[in-house]
Amino acid sequence: MRPPLHALLLLIALLALPMAAQAQLYQVPGANSPTTKEQVPLYVPQDDKVIGRVSIPDEKLAVLIQPEGREWREWRSHTLRLAIGGLAIGMTAVLAIFFLYRGTIRIHGGKSGRLVLRFNWLDRFAHWTTAVSFLALALTGVIVTFGRPLLIPLIGHQAFTPLAEVSKSIHNFVSVPFVVGLLMILALWLRDNIPEKADWLWIRTAGGLFSKAGGHHPEAGRFNAGQKMVFWSIVLGGMAMAATGYLMMVPFAFSGIGGMQILHVIHGLVAAGLIAAVIGHIYIGTIGMEGAFDAMGCGEVDENWAMEHHRRWYQEQLRKGYVENRHPAE
Amino acid sequence: MARMKFLCDAERCIECNACVTACKNEHEVPWGINRRRLVTLNDGQPGERSISMACMHCNDPPCAAVCPVDCFLQTEDGVVLHSKDLCIGCGYCFYACPFGAPQYPRTTDFGSRGKMDKCTFCAGGPEPDGSVEEYQKYGANRLAEGKLPLCAEMCSTRALMAGDGAVLADIYQERSLRRGYGSGAPGWSTAYGRNDRGSAFAPGGPSTGGA
Amino acid sequence: MLVKRSSATAPGSILKPAGPKRTGLLGALADSLEAGVSRRGFLRRSGLAAGGIAAVGALPGAMIRKADAGPVMPNVEVVTRKNVCTHCSVGCTVIAEVQNGVWVGQEPGWESPINQGTHCAKGASVRELTKGTRRVKYPLKLVDGEWQRISWDQAIEEIGNKLLDIRRASGPDAAFWLGSAKFSNEGAYLFRKLAAYWGTNNVDHQARICHSTTVAGVANTWGYGAMTNSYNDIQNSKALLIVGGNPAEAHPVSMQHMLRGKEHNRAPFIVIDPRFTRTAAHATEYVRIRPGTDIPVAWGLLWHIFENGWEDKEYIRQRVYGMDEIRAEVKKWTPEEVERVTGAPGSQLRRVAEALAKNKPSTVIWCMGVTQHTVGTANVRALSILQLALGNIGVAGGGANIYRGHCNVQGATDFGLDVSTLPAYYGLAEGAWKHFCRVWDTDYEYMKGRFGSKDLMEAKGIPTTRWFDAVLAEPGQIDQPSPLRAMICFGHGGNTVTRMPEMVKGLEKLSLLVIADPHPTTFAAIKERRNGTYILPVCTQFETDGSRTCSNRSMQWGERVVEPIFESKDDYTIMYLLARKLGFADEMFKHITVEDTRPVPEDILREMNRGCLSIGATGQSPERLKMHMKYQADFDKITMRASSGPCAGDYYGLPWPCWGHPEIKHPGSAVLYDTSKHVMDGGGVFRARFGVERNGVSLLADGSYSKGSEIEDGYPEFTMAVLRKLGWDKDLTPEEMRVIQAIGGADIDNVSWQTDLSMGIIRVALKHGCVPHGNAKARAVAWNLPDPVPVHREPIYSPRPELVKSFPAIEDRRDFRLVQLARSLQFKVADSDLRQRFPMVLTSGRLVEYEGGGEETRSNPWLAELQQSMFAEVNTKDAERLGIKDGSWIWVYGPEDGGKAKVRALVTERVGSGTVFMPFHFSGFWQGESLRSSYPPNTDPIVLGEPVNGVTTYGYDPVTFMQETKVTLCRVEPA
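Each protein sequence line maps, in turn, to chains B, S and E.
According to the working numbering, the first sequence is numbered sequentially starting from 1.
According to the working numbering, the second sequence is numbered sequentially starting from 331.
According to the working numbering, the third sequence is numbered sequentially starting from 542.
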């Protein structure tokens, strides 16, 4: 297997301007003329892109030879799989170890039984639109990426092609709700995700994740720094995915072969990162933390959970009167 | 055992496009699908050369390596074919191909390209030789009739040659020796430079780079 | 296993290594058959049963064809037929595979000595012609701007009646009969005959606009107006000079021979052209010149040759008349002067001259870059004289290799589709008419009665470059009773002549326009006409049979591949129907079998064989031609001579002159004027066509004669008088004498080899090793031409006005029944500010994908896809200066009649700074507006574009009225 560094090198190679140098094709008989057949080279090294002119109105076909295809092939066959598989498996492994170490993070004060509204229906609709779309995109993407080594040996070519075909269609069409969801969460949550000074504390203490006693959480607003990171990963990463994805759906409309390859590399690298991030997100939103799923499940969270994890937000809710104040001021 | 290859002698190629229309004619290739094309380098300047390019039927075909559905196969004489029944039109083979050979019919504007189409070395496809299904999907199968690709057979100046690589090399080297210079055998190092001959393989096999 | 075609053998593969390697390859091919097994193995492994997968249904429509639409029909008998490509003059054999009467496949014609299996883009796509999706499918009539379908009967009836009305009112010369270089020889001959029986010399075809100046130039130099050698023979050349030609695009298959010559002989390959063409890309030396300065370049080369004593002095002494006068003119063209006028550096021309002189035999190849000029004939003569000085004419590997344009432009010229001659260059004098009246078995008085007058009968007609001037002329401005009122146009594009804005006006004014063509052509799509246009669907040469003559004078018989498609008919049938309606069919077809309504082409050819003695088109009987096609494989690929088989000894296609009756088995002449061979072996000498003496100097050859000649010196052409003088008249048979006496009457001495229908005089001359046309010197000075010694004359629209006074155009004059402006217009242009307003030079030329006016090829999707828009090549520097991007729209404005064209810019170094190039195959757009809706429904070509001739300007060669297409002025602006 190649090192993941390969992808970076490929990116650099692809971004570099096409070399001006072209194969030496024009010669005349002279002192250097071959005297035996063997002296006529058959395999003249050809390392640069060769671009000419074509009369057909299809500029991409003016590229005669693009050796970068070989690099892209390595990316597609090895690096991409390593990046997605490696990051996903790595993240899962880390989480598994963390789970063994930490277990489910309980609400320190136990459930109060009193609920506070954390995400209204619009928030949840936006989240789940994005989430379901993302999962569909990830799954279909993974099928197309890993189907050949993993699924074809199991189900055979004949069955895999329809699966891949459907996956491709789903991947293309589900991108629409994904982008809609993405735009909604951006509009709904942008204000609460603007980085602030307090986030530094959260990051320095790793959000108190490793303080097993669970006594102390860094103070956080509606979203803590970890959630902000997820937010920004999803929003920026998702945008990048959408942009590169749509450009790939209209191949060569805005770019030549090199650009298409770059798009695919970006799409793949971001996908790998996002998939890993989302695995972490899912973990912490489900088995990783007691009470967290409720926020997106029914929209209401236990007051104690809110006190512990998002005290500043909770207090704000109190101040605004969205929650009945049952705790005397400290 | 033959190892089928193409060789375009750029010293001879005059960009007459016979290869292109011969291909269209023989296989009834629709408008917009360019199984073979002419590319002119240094257009309008001394040293201008034109080269006829199509699938080169590489030793270690990148298209086959990146195909997510593993639809390629290489015949025992090195011809790279693919199954349109398996192809999903994803377009990856075009990104990987050094020569821009794969072509896709545009079926709709939104995201769905049709089944990939490319030069078959006039060897049809996986269907039985000379069958109607084979013709409809891939065009004529001249190899099965003991004929070589029509593009090369009709080349106006014998620039484009097709056939066993060893024979092509021999003709080309002989010709170059006679005139005093070669023309670089464009694409050979890229297509055939890796191994001397292609290892015939079937889908899922070890040499596809698929695993 | 199903087998696609009946035969699975590999006839002559492209790879032909000697001996064991071939079996190696065939073995390899056999192995490939085995590979089918592994392919089916693939099928099994992939879980697919053959043909039985659901996914087949998921294949997108674009790649699925109905079984009956594609060529493959397993287990249906395949018939192979042999025809000849209908595009350029190389004459490539086309092998057609036919199933159930449908042309389903094209195979390489390996056996053809000319193309040896190869084709260019056009040749490789000819099968599409008989699919014919854009063809005219039935007769059409334009009624108030709408096309109406009519029957053949109605079409012929109405056209005939209108023609007869015009004839009654305005005389036969009011009709213009435009024939085609795409006719077979038989069609061309028949069309000329049709015009004769109609009673006019207003009959012309494409040769006028491609090589009329070549024919006039070389015929006036050494006797015959044709390529002297052959494409194949160029493989013998030690140096090649291509002037004003781009065979890589115009004659791609010829490049096979040229590049072999270049490689095998390591021959210098020199291209002189204003444009760096696809041919120049393969040159060892490329000379860029200013358009329209070919004569200074030729004289510049000769200057070095004379200066260094490189000329062939003995050859000149024996075989050339008047070279000293040339020397005097050449002396003026010092390297400095040549560079000043042409832009070509003196040192480079010295290199070229040396290469030609020291690598002999060297050949000179030219095409329309030389011919389509106001000095076209003089250009041709200058290059011919260059070759004479080098002693390269009549030598294998040398020669003036003139690449003709259309597939049968040589044949159509030979068989008289011309305003100035009857078939075989007999001219229009009384003797010529009497000769053909004898051939046609028609009373001379009857024939004379068909014409407006005897004067008109013997006067050159109106040429195709000027027909619209003759429509628009007032009576009295033209030298015939009436302006043109009707045009009957067979197989000729409408965008091929310069000054199209004027042409459109002429078209508008015609009362009758008949277009007989497989495609509607530009003529049909001119909006200005709303009534009085008829379109007759003519089939292509693949749907009929007949012979065609390639550029190298070989005649090839094309076999009918399929029946005419849709309602189309072949040329012969339509001509018969017209002749019958016009009332002279019985007279015209007296000795030609007509089956139903179709004259039999074999019979037409036999009649031609009987009458066309002057060019030796007599030995090519249909039987011999068919035999050559059948036994193509027996002919050598370089000499073109068969060494075995039934054609042993013959040259392929019996290139004329093929003297005498077919029975005497003359082999044809592969290389004209070749004294190294016996005349019965294809040898020859320069033709004694211009008398025996001039100003006391003998015009006959001096000590030079063809091998085996009993007269070892020059001799005049053979007549009865000459035969008698030699005492060879005794060799004539009584039957021959009877014919000669019948022709000569009281004065048989004047019966010559050209008029002796018994061919006895020819037979006797050959018997004594003599060439019937006499043995003369070639003429470096042609005193009967406007410029006996070619002199440089600036184009009418010269980009160098300061040179105009030193190199003025010819005086204004009258010819071809019309006024020809030249010097007056040139001076007016030079004195005006046109040069400032139109600062660039416009030149035009060809693309490989298209041919001629382009309607046919632009209708073929396989070709049209490769060139989808009309363009103008603009030099990189000019483009930068004018703010023009590659691929953007630009306007090209011409200096006459508000001519303009909106085209795409192709920014390139192919043209030099200040020069613009446009291809001439486009039409269907007019000054920015699409004419697509004006075509009859479903016949509009796939690709339309602006015609370059919407911008080109006035200017005609004085000898042939060839149009100037290669130099005019223009202005380019971003659109």
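Hints are supplied without guarantee of correctness; some may be wrong.
[Claimed, not checked] Computed spacing ranges between beta-carbons, pair by pair:
#1 S1429/E - A243/B: 43 to 49 angstroms
#2 K1369/E - G30/B: 50 to 56 angstroms
#3 E1421/E - Y246/B: 33 to 39 angstroms
#4 Q375/S - S1184/E: 57 to 63 angstroms
#5 N32/B - G642/E: 57 to 63 angstroms
#6 L139/B - Q1468/E: 27 to 33 angstroms
#7 Q375/S - K1346/E: 33 to 39 angstroms
#8 D48/B - S1347/E: 49 to 55 angstroms
#9 Y246/B - Q375/S: 35 to 41 angstroms
#10 G30/B - S1429/E: 38 to 44 angstroms
#11 K1346/E - P45/B: 35 to 41 angstroms
FYI, nobody ran anything at the bench for these hints, they're computed from the structure.
Note that beta-carbon positions come from the ideal geometry of N, C-alpha and C, so glycine has one too.
| Non-conforming hints, listed in increasing numerical order | 1, 4, 6 and 11
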